[in-house]
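Peer 1: Here's the letter readout for the chains.
Number of protein chains: 2
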Amino acid sequence: MPQALIFDVFGTCVDWRSSIARAVAKALPGLDAVAFADAWRAEYQPAMERVRSGGRGYVPLDDLHLENLHRVAARFGVSAPDHLATAWERLDPWPDVPPGLATLHRTHILAPCSNGSIAMMARLARHAALPWDCILGAEIARDYKPKPQVYLASCTALRLPPEHVMMVAAHNDDLAAARAAGLGTAFVARPTEHGPGQTSDLHPSADWDIVAPDFEALAARLQADTNRPGP
Amino acid sequence: MPQALIFDVFGTCVDWRSSIARAVAKALPGLDAVAFADAWRAEYQPAMERVRSGGRGYVPLDDLHLENLHRVAARFGVSAPDHLATAWERLDPWPDVPPGLATLHRTHILAPCSNGSIAMMARLARHAALPWDCILGAEIARDYKPKPQVYLASCTALRLPPEHVMMVAAHNDDLAAARAAGLGTAFVARPTEHGPGQTSDLHPSADWDIVAPDFEALAARLQADTNRPGP
Numbered sequence: 001m002p003q004a005l006i007f008d009v010f011g012t013c014v015d016w017r018s019s020i021a022r023a024v025a026k027a028l029p030g031l032d033a034v035a036f037a038d039a040w041r042a043e044y045q046p047a048m049e050r051v052r053s054g055g056r057g058y059v060p061l062d063d064l065h066l067e068n069l070h071r072v073a074a075r076f077g078v079s080a081p082d083h084l085a086t087a088w089e090r091l092d093p094w095p096d097v098p099p100g101l102a103t104l105h106r107t108h109i110l111a112p113c114s115n116g117s118i119a120m121m122a123r124l125a126r127h128a129a130l131p132w133d134c135i136l137g138a139e140i141a142r143d144y145k146p147k148p149q150v151y152l153a154s155c156t157a158l159r160l161p162p163e164h165v166m167m168v169a170a171h172n173d174d175l176a177a178a179r180a181a182g183l184g185t186a187f188v189a190r191p192t193e194h195g196p197g198q199t200s201d202l203h204p205s206a207d208w209d210i211v212a213p214d215f216e217a218l219a220a221r222l223q224a225d226t227n228r229p230g231p
Numbered sequence: 001m002p003q004a005l006i007f008d009v010f011g012t013c014v015d016w017r018s019s020i021a022r023a024v025a026k027a028l029p030g031l032d033a034v035a036f037a038d039a040w041r042a043e044y045q046p047a048m049e050r051v052r053s054g055g056r057g058y059v060p061l062d063d064l065h066l067e068n069l070h071r072v073a074a075r076f077g078v079s080a081p082d083h084l085a086t087a088w089e090r091l092d093p094w095p096d097v098p099p100g101l102a103t104l105h106r107t108h109i110l111a112p113c114s115n116g117s118i119a120m121m122a123r124l125a126r127h128a129a130l131p132w133d134c135i136l137g138a139e140i141a142r143d144y145k146p147k148p149q150v151y152l153a154s155c156t157a158l159r160l161p162p163e164h165v166m167m168v169a170a171h172n173d174d175l176a177a178a179r180a181a182g183l184g185t186a187f188v189a190r191p192t193e194h195g196p197g198q199t200s201d202l203h204p205s206a207d208w209d210i211v212a213p214d215f216e217a218l219a220a221r222l223q224a225d226t227n228r229p230g231p
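As you go down the protein sequences, you meet chains A and B in turn. First residue of the first sequence? That's 1 in the working numbering, and the numbers climb one at a time after it. First residue of the second sequence? That's 1 in the working numbering, and the numbers climb one at a time after it.
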């Protein structure tokens, strides 16, 4: 039984695409805001890869998002205000997330294990009502997922062995990395994270410890496991 | 006006002495539990000083408390169970703290800037209903207060300049170090932290930005400052 649950955030807890598109539409009217959001997000992995590969020291995601914003804006032929980068602090949760986390919080320590910074995660938690007990993830490890150190540093900060910590994510590659580091795994599909035409991560790609349709079902499943008599 | 408030915890937010004495009385009946609590706490600064001075790498306070527990138990002629060290995760808040923090949380980012670890602070927050947005302090900086790096690393993690962050503490030396690092300062006296005979930190020793009798008064004072028309 896990004592703590740690969560991927972008895509798993919050709907970044709709929220970013809405902020882009407001700050840069007249653009294809959804295309801009997708282009901005597409810069995310390459920017982190430079850090993961050692080509650059740890830079918080806030700064990577700001650099990427200006690169994408130039491609769209516009000049973006710096403050638009803080839109990543105001992403709306999927509807099941606040009630599901509230239930899970009664029995488990909860924390993000995200590539977002402590500042970004703290402000996002206030916006989206995410009841984290602490902020773990990239900034604790000073590296980016799926590097094993990010999962392991998060367990160390909780003073729990990896087998007592469960990673919750909508992305199979995140769970594969967490499992390789020794953590439990729970998959919650988010089939519209990338819009109506999404083809990736629609289904679990491995026998994750738990597969649940949403956070409320995840809470019910963990509750049932807790109440089951031991061997 | 501060955007974030960061807090000393042991003594300022929670009554460690009564809580530890109660745990000692339960785990080690027949001892002078208050004297044991005071002796255990007296080992706290010397243990951290070895880290601050570079005589030892960063060791989380959980481990220092455990080492100190066994040293003090030997002096009292008893053998203490390891689990007693986790009593520092179950300290009761001063009565004004939960309502005061709930009010402050509406308008300010709140975080501990304590010498406690992330794990200790996260578990203590669950016990004492402390609505932290994130956990800052010693483990972020991998050093102990009053080293300036602990205050500065906490501001960096919030992505705020020190002048937009206010340190709240019942200890004048903590506030002096925070002010030297550029932070705002608020003093809340806790005249019974060390019991009825306390002689230290009964009064502010400098012109701290705010001096308040408790956290509810601190919240009211910050609210009044926010509503005052600017120059």
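Just so you know, the hints here were simulated from the structure itself, not pulled from any lab data. One should not assume that every hint holds.
Note: identical chains are not told apart, hence a pair may lie in one copy or across any two.
[Unchecked claim] Straight-line Cα separation of at most 25 Å, SDA-like style, residue types lysine to any residue; simulated pairs: (1) Lys-26 with Val-51; (2) Lys-26 with Asp-214; (3) Lys-147 with Val-34; (4) Lys-26 with Val-211; (5) Lys-147 with Thr-226; (6) Lys-147 with Ala-177; (7) Lys-147 with Pro-60; (8) Lys-147 with Gly-11; (9) Lys-147 with Tyr-58; (10) Lys-26 with Pro-161; (11) Lys-147 with Ser-205; (12) Lys-26 with Ala-206; (13) Lys-147 with Pro-196.
Given the structure is predicted, the values throughout are model-derived calculations rather than measurements.
Peer 1: Is it within a copy, between copies, both, or neither that the alpha carbon of Lys-147 lies no farther than 25 Å from that of Pro-196?
Peer 2: Neither way: Lys-147 and Pro-196 sit 30 Å apart in one copy and 52 Å across, limit 25 Å.
Peer 1: Given a CA cutoff of 25 Å, do Lys-147 and Ser-205 count as a within-copy pair, a between-copy pair, both, or neither?
Peer 2: Within one copy only: 19 Å inside, 48 Å across.
Peer 1: My question is about Lys-147 and Thr-226: at a cut-off of 25 Å on alpha-carbon distance, are they close within one copy, between copies, both, or neither?
Peer 2: Neither way: Lys-147 and Thr-226 sit 31 Å apart in one copy and 43 Å across, limit 25 Å.
Peer 1: Is the C-alpha distance from Lys-26 to Val-211 at most 25 Å within one copy, between copies, in both cases, or in neither?
Peer 2: Close neither inside one copy (37 Å) nor across copies (42 Å); limit 25 Å.
Peer 1: Is it within, between, both, or neither for Lys-26 and Pro-161, if the alpha carbons may be no more than 25 Å apart?
Peer 2: neither (45 Å within a copy, 28 Å between copies)
Peer 1: How do Lys-147 and Gly-11 come out at 25 Å by Cα distance, when the copy is not named: within, between, both, or neither?
Peer 2: Classified as within: same-chain Cα gap 19 Å, cross-chain 39 Å, threshold 25 Å.
Peer 1: Have a look at Lys-26 and Asp-214 and pick one of within, between, both or neither, based on CA distance no larger than 25 Å.
Peer 2: Result: close neither inside a copy nor across copies, 30 Å intra and 43 Å inter.
Peer 1: For Lys-147 vs Ala-177, is the C-alpha pair at or below 25 Å within one copy, between two copies, both, or neither?
Peer 2: within (7 Å within a copy, 36 Å between copies)
Peer 1: Pop the pair Lys-26 and Ala-206 into one bin, within, between, both or neither, using alpha-carbon distances up to 25 Å.
Peer 2: So Lys-26 and Ala-206 fail the 25 Å test inside a copy (40 Å) and across (48 Å) alike.
Peer 1: My question is about Lys-147 and Val-34: at a cut-off of 25 Å on alpha-carbon distance, are they close within one copy, between copies, both, or neither?
Peer 2: This pair counts as neither: shortest intra-copy Cα distance 29 Å, inter-copy 47 Å.
Peer 1: State whether the alpha carbon distance between Lys-147 and Pro-60 is at most 25 Å within one copy, between copies, both, or neither.
Peer 2: Close inside one copy (15 Å) and across copies (24 Å); limit 25 Å.
Peer 1: Tell me, please, which holds for Lys-147 and Tyr-58 at an alpha-carbon limit of 25 Å: within, between, both or neither?
Peer 2: Both: 13 Å inside a chain and 23 Å across chains, each within 25 Å.
Of the numbered hints stated above, those contradicted by the structure are hints 1, 2, 3, 4, 5, 10, 12 and 13, listed in ascending order.
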